[in-house]
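Keeping their order, the protein sequence lines are chains A and B. When we follow this note's numbering, the leftmost residue of the first sequence carries the number 1, and every step to the right adds one. When we follow this note's numbering, the leftmost residue of the second sequence carries the number 1, and every step to the right adds one.
No lab work stands behind these hints, which were simulated from the structure alone. Where hints are given, some of them may not hold.
Computed footprint of chain B on chain A, listed as stretches where at least three residues anywhere in the stretch have a Cβ under 8 angstroms from a Cβ of chain B [claimed, not checked]:
1) 51 to 58
2) 88 to 102
3) 108 to 121
Chain B residues, not near chain A, derived (Cβ > 12 angstroms throughout) [unchecked claim]:
4) N40
5) I135
6) L303
7) S314
8) W318
9) T323
10) G342
Quantities reported herein were computed from a predicted structural model and do not represent experimental measurements. Just so it is clear, CB atoms sit at the ideal spot from N, CA and C, and this is done for glycine as well.
Next come the chains, spelled out residue by residue.
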Amino acid sequence: MLAEVAGLRHVFPGGRKAAPVVALDGVSATFSPGMITGVVGPDGAGKTTLLRLLAGLLRPTAGRVTVLGHDMATDAQAAHAAIGYMPQRFGLYEDLSVGENLTLFADLHALGAEVRAERIPRLLGFTGLAPFTARLAGRLSGGMKQKLGLACALLARPRLLLLDEPSVGVDPASRRELWAMVATMLAEGREQGMGVVWATAYLDEAERCGRVLLLHEGHMLAEAPPADFLAALRGRVFALAVPAARRRLAGRLAAVDPAVLDVAVEGDALRLVLRAGASPPDPVALGGSTLVAVAPRFEDGFIDRLATAPAVAPVEPKQPVRGDGPAIEVHDLVRRFGPFTAVDHVSFSVAHGEIFGLLGPNGAGKSTTFRMLCGLLRPSGGSARVAGLDLMRAPAAARARIGYMAQRFSLYGELTVGENLAFFARVYGLDRKARGVAIAQALDRFDLGEVRASVAAALPLGVKQRLALAAALLHRPDILFLDEPTSGVDPLARRAFWARIGALAEAGVTVLVTSHFMDEAEYCDRLGIISAGRLIATDTPAGLRARARGPDLPAPTLEDAFIRLVEAA
Amino acid sequence: MTPALMRLRGLLRKEILQVLRDPSSLLIAFLLPVVLLLVNGYGVSLDARHMRVAVVTQAPAADTRELIQALAASPYLAPVAASSTAEAGRLLTAGEVRGVLVLPEDFSARLMRPSRWPAPAQLLANATDPNTARILEGYVQGALLTWASGRAQEKRLLPSGGIALEHRYWFNPELRSADFIVPGMVAFVMSMVGTLLTALVVSREWERGTMESMLASPARMGEIIAARLICYFGLGMLGMAMSVLMAVLLFGVPFRGSLLVLGAATSLFLLFALALGLFISTLARSQFVAAQLAFLTTMLPALMLSGMLFDIASMPAWLQALTHVFPVRYLVSVLQTLFLAGTVWQLVLPNLAALALAALVAVGATVAVTRRRLD
Numbered sequence: 001m002l003a004e005v006a007g008l009r010h011v012f013p014g015g016r017k018a019a020p021v022v023a024l025d026g027v028s029a030t031f032s033p034g035m036i037t038g039v040v041g042p043d044g045a046g047k048t049t050l051l052r053l054l055a056g057l058l059r060p061t062a063g064r065v066t067v068l069g070h071d072m073a074t075d076a077q078a079a080h081a082a083i084g085y086m087p088q089r090f091g092l093y094e095d096l097s098v099g100e101n102l103t104l105f106a107d108l109h110a111l112g113a114e115v116r117a118e119r120i121p122r123l124l125g126f127t128g129l130a131p132f133t134a135r136l137a138g139r140l141s142g143g144m145k146q147k148l149g150l151a152c153a154l155l156a157r158p159r160l161l162l163l164d165e166p167s168v169g170v171d172p173a174s175r176r177e178l179w180a181m182v183a184t185m186l187a188e189g190r191e192q193g194m195g196v197v198w199a200t201a202y203l204d205e206a207e208r209c210g211r212v213l214l215l216h217e218g219h220m221l222a223e224a225p226p227a228d229f230l231a232a233l234r235g236r237v238f239a240l241a242v243p244a245a246r247r248r249l250a251g252r253l254a255a256v257d258p259a260v261l262d263v264a265v266e267g268d269a270l271r272l273v274l275r276a277g278a279s280p281p282d283p284v285a286l287g288g289s290t291l292v293a294v295a296p297r298f299e300d301g302f303i304d305r306l307a308t309a310p311a312v313a314p315v316e317p318k319q320p321v322r323g324d325g326p327a328i329e330v331h332d333l334v335r336r337f338g339p340f341t342a343v344d345h346v347s348f349s350v351a352h353g354e355i356f357g358l359l360g361p362n363g364a365g366k367s368t369t370f371r372m373l374c375g376l377l378r379p380s381g382g383s384a385r386v387a388g389l390d391l392m393r394a395p396a397a398a399r400a401r402i403g404y405m406a407q408r409f410s411l412y413g414e415l416t417v418g419e420n421l422a423f424f425a426r427v428y429g430l431d432r433k434a435r436g437v438a439i440a441q442a443l444d445r446f447d448l449g450e451v452r453a454s455v456a457a458a459l460p461l462g463v464k465q466r467l468a469l470a471a472a473l474l475h476r477p478d479i480l481f482l483d484e485p486t487s488g489v490d491p492l493a494r495r496a497f498w499a500r501i502g503a504l505a506e507a508g509v510t511v512l513v514t515s516h517f518m519d520e521a522e523y524c525d526r527l528g529i530i531s532a533g534r535l536i537a538t539d540t541p542a543g544l545r546a547r548a549r550g551p552d553l554p555a556p557t558l559e560d561a562f563i564r565l566v567e568a569a
Numbered sequence: 001m002t003p004a005l006m007r008l009r010g011l012l013r014k015e016i017l018q019v020l021r022d023p024s025s026l027l028i029a030f031l032l033p034v035v036l037l038l039v040n041g042y043g044v045s046l047d048a049r050h051m052r053v054a055v056v057t058q059a060p061a062a063d064t065r066e067l068i069q070a071l072a073a074s075p076y077l078a079p080v081a082a083s084s085t086a087e088a089g090r091l092l093t094a095g096e097v098r099g100v101l102v103l104p105e106d107f108s109a110r111l112m113r114p115s116r117w118p119a120p121a122q123l124l125a126n127a128t129d130p131n132t133a134r135i136l137e138g139y140v141q142g143a144l145l146t147w148a149s150g151r152a153q154e155k156r157l158l159p160s161g162g163i164a165l166e167h168r169y170w171f172n173p174e175l176r177s178a179d180f181i182v183p184g185m186v187a188f189v190m191s192m193v194g195t196l197l198t199a200l201v202v203s204r205e206w207e208r209g210t211m212e213s214m215l216a217s218p219a220r221m222g223e224i225i226a227a228r229l230i231c232y233f234g235l236g237m238l239g240m241a242m243s244v245l246m247a248v249l250l251f252g253v254p255f256r257g258s259l260l261v262l263g264a265a266t267s268l269f270l271l272f273a274l275a276l277g278l279f280i281s282t283l284a285r286s287q288f289v290a291a292q293l294a295f296l297t298t299m300l301p302a303l304m305l306s307g308m309l310f311d312i313a314s315m316p317a318w319l320q321a322l323t324h325v326f327p328v329r330y331l332v333s334v335l336q337t338l339f340l341a342g343t344v345w346q347l348v349l350p351n352l353a354a355l356a357l358a359a360l361v362a363v364g365a366t367v368a369v370t371r372r373r374l375d
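Isolated chain A (complex conformation):
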C-alpha cells in the first residue's frame, strides 16, 4: 500500500462573513501501487484538498494521512523525496526555460550528474519537448506546459505521483497523449512500486483508472474499480432515436417518465438511464422510433449513485422573432493581433431558436470570435450581424439584444443574489416596474427565492451558475451567448442547465456556445469546429460523427470526430 487516508475531514475556516467550508468529510481510502487511482468528482468535490493533504501541504482537521508509512501531519518532509506533485497550474516557473525548469527540479531532488544526464534527455524526448528545451515555459501552449509539469514531477522517479486535474483546459488530443504518457511511466515504475493519483472532473476519464474514488461535495460516494460502477447499470441504458426536430420535446417527455432516471441529449439520439428494475418505456410514446440498449458509462454510475429525478425545465414564454434573416450572421470575420491571426476568415450563420456551438481547444480563437460577436472587440476584417444589427455600426444596440454568461462566475461575490439581479436589471436599463417583474420572475423560474438574501460568493457552483444565467436573461435577450457554461459542473447540474437552455431555444431564443468540452457539444443543434483560428467544419453532432466513421472506428464519439477533423485540417 502506497498511501492511506482514514476518517479524513478538512475544514477551511470561514472569513468575517463567510461560513467555514467543509471541503472533505469522512473520507477513508487506500492508494495502491501499480495503478492509477482516479479522484473523480465535479468542481467543489474536494479533489484538490485531498491531493494537497496527500502531498502534506495541508494539515487535516481530523483523521490521518499516511504516505509510504509517514504520517503527513508530522513527518511530511520524509515523504517528500518520494512524492511527485503536479499542482493544477502545473507549478512551473514561466520565466525559466524548459531545460532550466527541469534542472531546478533536479537540484531540488539533489540528483547526481549521471542521473540527470540520463533522465532529462529521456523525459524531454518522451514528452516531445526536446526541440523546445530553450523555450521559456511561459511561451509554451497549455498542452506543452502540462507535459513539462509532468516531466518535472517524474524527474525524481517518485513512488507516489499526484496529478491535480492535469487534463483541464487542454484539447482532447493532448489529453489522450497525457494518459498514454502516464500509463507508460507507470508500467516502467511498476517494479519499484509506483502508483498514480489522478484528480479529474471529466467523468469519462474515470473509466481509464484502475480504481476510482468518487467525491461529491466533500463526501465520498464510492471507492471501487470503475467496472463496479457500470455493473449495476447493465441493461438500464438505452439510446432513443428521435428526429432532430423533436429532440427537445422527446427529452421533456422522457424526463417525466417514472421509469427514467436520467436523460441526456446525444446528437440525434437521447440517452436514457432507467431506474433499477424499471422496464423500458415505449419509444413511440416518447416521440422517438427505436430504443437500443447501449453500454453504460461512468457518468451514468455517478447519476445512479445520486439517484434524483431528472431535471425538467419550465416552459419559457415565446420570444418574438425580431428582424428578418438569421439571428447571427458572420462573414469572413478576421482578427489579427500584430502579426498573429487569431481568427482567420470565419463565416457561419445561426438561425433563430438554434443552439450553435463553437468547439475548439484553448487558444483556437473561440473567445476572440465570441468577443467580436459581443461587440467587445473590433474585427480586423469581415462583417458580423447579430439580431439583424451590424456590430461595426451599432454595437450598443446589438448588445442590448444579447445576453452574455461568462465562463468564470462574473457576478459580484459580495452582493446578495437579490442585489446582483437588481444591479444587472439596472445596468440593462429596465425601468422600476419592469425591474420588479423581471427580478420576481427570475427568482421564481430559477429557484433562487430561498437564497435571495445569501451572498453570491458563498453559493454552491451550480446555484451560482443558475444565478449567472438568470442575470443574463433579465432583459429578455433574443440571443444568448454562453462561454463554457458547464465546465466542471457536476452532471446533474449540467443536465438541469441544458434542460433550461433547451426550453429557451424552444421559445425562440438563439443560443451560441463556446466550449472545449465534448459533453456540452452534444447539446448543440449544430457545431462549428475551430482550430488555429479557422473554422474547419460546420455540421450537426451526428453529421460530425458520421464523418469520422470508418472501418477502424465503427461508432466514433464526438471526441474521435473532433480529433480526426483537427488532424486532417
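Guided by the hints, dock chain B onto chain A, whose structure is given.
Frame of chain A; chain B shown alone:
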C-alpha cells in the same frame, strides 16, 4: 556536493534567472532608486535661495538704490522692483514673490537724520509657509542691518569697536540641505527597495502556484528563504552602491566616514528590509496586498519618523519613542554621520547594534511564520 547545497544552488540559480528575465525586479532595484533620488534630491529642498522680494520705493533716491543693491548682493534674496504697493500686493498674492519690502516716502529723509524715530520700512511676507516666512524675515533684516551698519561706519556715525561675531557651520559649512537630505534619502530608498523586492517576488509565487510545487518538493523552508535573501541581498547592495555613488557624484554630498562601516550598516538594514518583505508576502500572498503593505510599513516611517526630513529631537516625546520601533531611523543616523561627520564611533556603534537586532528579529519572525503548508 551535499543534497542541501545542491538544493540551495538550484534555488539560487532560479532566483537569479528570474531576476534577469523579469524586468520588474531590476526596475525596482535600479530605476526606483534613481527616480526617488532625483525627485527628492532636487525636488525636496529646504534651502531658501534666491527668494524673490518685491521692493516698492515710494521716493527713489541714492540710498534706496544702494539698499536694493545690498539686497541683491545677498545669495538668498532677489529683489524685484514694483511700482506701487498695489502691484506688489498682486505679485505677492499671485505667488510670484515671497515678500514685499515697502520703503515709504520719508525713508531717505529719516535715514539722513537719525533721530528718535528710525527710518521706517515695512516687510510683508507670505506666511502660508511660516518657516519660509521666518527665514525671509531673517535674511531681509540681516541684509538691512549689514547695509545700515556698513553705511554708518562709512559715514563715521558710529564709534568703531563693538562685537564681531565670526561664525562657522560645522559638518555642513555651506548649509546645503542636500547634504543633509540625500544621505537620509539613501536610507529611504533602501528601505523601500529592499522590502518591495521580496514582498512582490514571493507573493508572485503564491499567485502563480509555483510555491505549491516548491512546498511539495524536498526543499527545506530555510533553503527557500536563504536563496531569496542571498539573491536579493546582492541586488539590493548593488542598488545601494549606486545610490551612494549618485549622492557623492551627482549631488556632491561629501563622504567622510568609513566604507566598511557603511557596508556593515547597509547590509544589516538590507537584511532587515528583505526579511520584512518576505514576512509581508508570506502573510499577504497576493501581490497587490503585499505591495500596499510594503509601502505602508516602509514609506511612511522612512519619510516621517526616520529623521531624514524632520528632526527627531524636536518631536513630542511619545513620537520620539515611536521612532525607535522603525529601524530606518538608525540607518539614517548612521548615514548622516558617515556622510557629514565621519566615523564617529560613539554614534555609529549603538545604531549598528540596533540594526543588527532589527535584522535578527525580522529574519526570525519570517522563519517563524513561514510554514511548510498552505493553511
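Consistency of the hints with the structure:
1. Residues of the stretch 51 to 58 of chain A lying with their CB closer than 8 angstroms to a CB of chain B number 5, which satisfies the three-residue condition for coverage.
2. Coverage of a stretch by a chain is defined here by at least three residues with a beta carbon nearer than 8 angstroms to that chain's beta carbons; for the stretch 88 to 102 of chain A and chain B the count is 10, and the condition holds.
3. By the rule of at least three residues with a Cβ nearer than 8 angstroms to a Cβ of chain B, the coverage given for the stretch 108 to 121 of chain A holds, with 3 such residues.
4. With a cut of 12 angstroms on Cβ distances, N40 of chain B stays outside the contact zone with chain A, its closest approach being about 32 angstroms.
5. Its beta-carbon lying about 52 angstroms from the closest one in chain A, I135 of chain B satisfies the requirement of being farther than 12 angstroms from that chain.
6. Distance to chain A confirms L303 of chain B as a non-interface residue, since its nearest Cβ pair spans about 32 angstroms, more than 12 angstroms.
7. Its beta-carbon lying about 42 angstroms from the closest one in chain A, S314 of chain B satisfies the requirement of being farther than 12 angstroms from that chain.
8. Residue placement check: W318 of chain B keeps its beta carbon more than 12 angstroms from all beta carbons of chain A (closest about 32 angstroms).
9. Distance check for T323 of chain B against chain A: the nearest CB is about 33 angstroms away, which clears 12 angstroms, and the non-interface claim stands.
10. A cut-off of 12 angstroms between C-beta atoms confirms that G342 of chain B is not in contact with chain A; the least separation is 45 angstroms.
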